[in-house]
Amino acid sequence: MSTIRPFCAIRPKKEYAEKVASKPYDVLSSDEAREEAKGNEYSFLHVVKSEIDLPKETNLYDAKVYEKARDNFNSLINKGILFQDKSPMLYIYAQTMNGRTQYGIMGCASVEEYEKNIIKKHELTRRDKEDDRCRHVETTNANTGVVFLTYRDHSGINKVVSEWTKSNTPEYSFTAPDGIKHQVWPITDDKAVSEIVSCFKQIKDLYIADGHHRSASAYRVGAKKRDENPGHRGDEEYNFFLATYFPASHLMIMDYNRIVKDLNGMNQDQFMSAISKNFDVSPAKSAKPSGPKTFGMYLGGKWYELKAKKGTYQENDPINSLDVAILQNNLLHPVLGIGDPSTDKRIDFVGGIRGTAELEKRVNSGDFTVAFSMYPTTVEELMKVADAGMIMPPKSTWFEPKLRDGLITHVLS
Numbered sequence: 006m007s008t009i010r011p012f013c014a015i016r017p018k019k020e021y022a023e024k025v026a027s028k029p030y031d032v033l034s035s036d037e038a039r040e041e042a043k044g045n046e047y048s049f050l051h052v053v054k055s056e057i058d059l060p061k062e063t064n065l066y067d068a069k070v071y072e073k074a075r076d077n078f079n080s081l082i083n084k085g086i087l088f089q090d091k092s093p094m095l096y097i098y099a100q101t102m103n104g105r106t107q108y109g110i111m112g113c114a115s116v117e118e119y120e121k122n123i124i125k126k127h128e129l130t131r132r133d134k135e136d137d138r139c140r141h142v143e144t145t146n147a148n149t150g151v152v153f154l155t156y157r158d159h160s161g162i163n164k165v166v167s168e169w170t171k172s173n174t175p176e177y178s179f180t181a182p183d184g185i186k187h188q189v190w191p192i193t194d195d196k197a198v199s200e201i202v203s204c205f206k207q208i209k210d211l212y213i214a215d216g217h218h219r220s221a222s223a224y225r226v227g228a229k230k231r232d233e234n235p236g237h238r239g240d241e242e243y244n245f246f247l248a249t250y251f252p253a254s255h256l257m258i259m260d261y262n263r264i265v266k267d268l269n270g271m272n273q274d275q276f277m278s279a280i281s282k283n284f285d286v287s288p289a290k291s292a293k294p295s296g297p298k299t300f301g302m303y304l305g306g307k308w309y310e311l312k313a314k315k316g317t318y319q320e321n322d323p324i325n326s327l328d329v330a331i332l333q334n335n336l337l338h339p340v341l342g343i344g345d346p347s348t349d350k351r352i353d354f355v356g357g358i359r360g361t362a363e364l365e366k367r368v369n370s371g372d373f374t375v376a377f378s379m380y381p382t383t384v385e386e387l388m389k390v391a392d393a394g395m396i397m398p399p400k401s402t403w404f405e406p407k408l409r410d411g412l413i414t415h416v417l418s
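Everything in the sequence shown is counted per the numbering used here, starting at 6 for the first residue and increasing by one.
The reader is advised that the hints may include incorrect statements.
Unchecked claim - Listed below are the simulated BS3-like cross-link pairs for lysine-lysine, each with C-alpha atoms no more than 25 Å apart in a straight line:
1. Lys298 to Lys229
2. Lys186 to Lys24
3. Lys73 to Lys84
4. Lys43 to Lys125
5. Lys73 to Lys134
6. Lys407 to Lys19
7. Lys196 to Lys186
Because the hints were derived from the structure by calculation, they are not lab data.
The whole structure should be built from the sequences, with the hints applied where relevant.
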């Protein structure tokens with residue numbers, strides 16, 4: 006059984022929605038956030054990247070950063086830019102990119118279900134990043150960032166979402182500078198909300214697609230508040246955290262590509278000979294792989310196709326059958342000497358949103374020697390890894406489009 010809980014969101018007035026909505030805190034550097042928020046006092050970057058309003062030399066983990074986030078959040082409320090709904094609701098959030106639309110439902114997920122692994126994980130989290138988000142949540146008393154959840158499709162939920170979006174005008178509808186269209190419909194009908202809540206009770210598992218640090222910090226803050234509250238009941242807002250629930254069929258995982266600085270002491274002929282042990286190598290018709298277990302490789306100004314040979318990976322293993330694991334175990338580690346791609350400085354990663362032209366650019370610049378284009382991991386592969394209680398290899402998934410912060414915020418009391 007899974008929970009989606011209606012709540013009284015804090016959100017922008019209709020005329021301010023486009024100005025408030027911002028990219029998530031973890032996809033922009035401080036300098037990029039300063040530039041993006043320039044001239045826009047209402048941007049939610051002033052809340053989720055509040056260091057942009059402090060001197061550049063300020064430590065990102067200084068108490069002043071969290072206090073500034075709280076002050077900026079409260080200022081948006083006090084100025085009437087943001088308001089709080091008077092009754093609990095769910096909210097439909099649609100994103101359209103390149104003519105393709107995905108529909109999710111924004112509501113609150115359960116801290117207890119996170120603890121019991123009903124909300125399943127596939128990534129490890131870093132304590133320092135958790136600490137940062139915990140301090141942000143505690144100081145602002147809000148979930149200002151959204152956890153991205155997915156689930157196996159349920160026809161009842163799909164039906165309610167389809168009917169509501171067809172018969173109602175979105176409260177917010179705008180196209181961001183990056184070309185992605187964002188729309189939000191508050192579900193104001195109690196019957197429709199109850200039907201969605203009831204349908205989710207029939208769903209066995211939820212999966213974190215993106216937002217492992219946000220969900221881990223929400224759990225930690227909720228557990229702390231529970232322990233500090235002698236009158237704890239279980240229905241307090243701190244027992245829940247902000248999430249957008251997308252059916253698996255709506256999601257698009259993009260390729261997460263690899264570039265490597267050198268050939269580990271080999272010349273090009275030696276390298277090609279070495280990789281031929283585990284891969285069939287041929288000139289490529291396209292920079293993108295033609296299918297699973299196939300890789301594009303850009304080397305010496307040319308694209309090649311690499312096909313993993315049978316027997317070089319375990320077909321029924323949820324981890325070792327992943328394309329990212331096949332490349333790591335059969336080429337990056339044994340041939341190029343990259344043991345831990347999450348810490349090795351000789352490798353970098355390029356999200357598929359940048360395209361294969363970015364791989365060519367980075368190699369042609371001379372900063373890198375070889376690039377590998379990946380076939381995207383599927384949502385079903387992600388779910389199988391999470392179901393097995395395993396952890397995905399580093400940089401396995403790149404979700405697009407990204408959820409915008411500021412459109413819907415959940416306060417803890």
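Determine which of the earlier numbered hints do not hold for this structure and return their numbers in increasing order. Those not satisfied are hints 1, 4 and 7.
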